[in-house]
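Those sequence lines, one after another, are chains Y and F.
1 is the number of the first residue of the first sequence in our numbering; add one for each residue after it.
1001 is the number of the first residue of the second sequence in our numbering; add one for each residue after it.
Take the hints with a grain of salt, since some may be wrong.
As the list claims (entries may be wrong) - With the Cβ distance kept under 7 Å, some of the chain F side facing chain Y (calculated, not the full set):
{"no.": "1", "residue": "G1016"}
{"no.": "2", "residue": "Q1017"}
{"no.": "3", "residue": "T1038"}
{"no.": "4", "residue": "P1043"}
{"no.": "5", "residue": "F1065"}
{"no.": "6", "residue": "S1066"}
{"no.": "7", "residue": "F1074"}
{"no.": "8", "residue": "T1076"}
{"no.": "9", "residue": "F1103"}
None of these hints come from the bench; they were simulated from the model.
These figures come from a predicted structure and were not determined experimentally.
We put the beta carbon where it would ideally sit given N, CA and C, even for glycine.
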Amino acid sequence: AQRVTQPEKLLSVFKGAPVELKCNYSYSGSPELFWYVQYSRQRLQLLLRHISRESIKGFTADLNKGETSFHLKKPFAQEEDSAMYYCALSGQNNNAGNMLTFGGGTRLMVKP
Amino acid sequence: DTGVSQNPRHKITKRGQNVTFRCDPISEHNRLYWYRQTLGQGPEFLTYFQNEAQLEKSRLLSDRFSAERPKGSFSTLEIQRTEQGDSAMYLCASSLLSRTMFFGSGTQLSVL
């Protein structure tokens, strides 16, 4: 079974402070990990995926297979980063296409 | 708007009634997914279509739920004899093979 855990429901930081949103997963094979973001009154959208190894809007995430983690980081938070963030996993060995298993989400609030 | 379109945006129904939701994916996308999201939780996978074939169903999908994707284009999700526990946001997503999954804005169902 595959599972994604986001231990923090809410993370509140001041503008300019570093941000780390935690994500841990369990999966027996080689997963593909994603971060999705949902800004206020907008639809869920992809922020980044681990295979791309890219930085989007200043965010990065590194897959740590030893710790089964995929934490999302940004060195200097901006007010416009305030949103709901979901970590998601896609297993390679299932019959459900690239079905995603989501964590419970973390609400990031960046205060001025 | 060429994104994933879902109708209606909101549906209020009485317990025991049947409801049907529609999803129009991005036109060239051959994969279509339905998810359900309850308050404070991440989206949970319900079912998956590749073209017109329904290839996977979650055990969350009781026999009161049925989904179709005739001709591999739009999809419908029907819930028969609705229960209060069916109240949730129903999300549709589509992708081209295993590429990025795009989500619709969802249909918010309230069962009174």
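Against the structure, the hints come out as follows:
Annotation: F/G1016 was flagged as interfacial toward chain Y, and the flag is violated, the nearest CB pair being 30 Å apart, outside 7 Å. The restraint placing F/Q1017 at the interface with chain Y is violated, with a minimum CB-CB distance near 27 Å, outside the 7 Å limit. With a least beta-carbon distance of about 10 Å to chain Y, the hint placing F/T1038 at the interface is violated under the 7 Å criterion. Nearest Cβ of chain Y to the Cβ of F/P1043: about 5 Å, under the 7 Å cut. The hint holds.
Interface hint at F/F1065: violated, since its Cβ lies 16 Å from the closest Cβ of chain Y, which is beyond the 7 Å cut-off. Annotation: F/S1066 was flagged as interfacial toward chain Y, and the flag is violated, the nearest CB pair being 18 Å apart, outside 7 Å. Checking F/F1074 against chain Y by beta carbon gives a least distance of about 18 Å; that is not within 7 Å, so the hint is violated. Evaluation of the F/T1076 hint against chain Y yields a violated restraint, the C-beta minimum of about 19 Å exceeding 7 Å.
Annotation: interface hint on F/F1103 holds; nearest CB of chain Y at approximately 4 Å, less than 7 Å.
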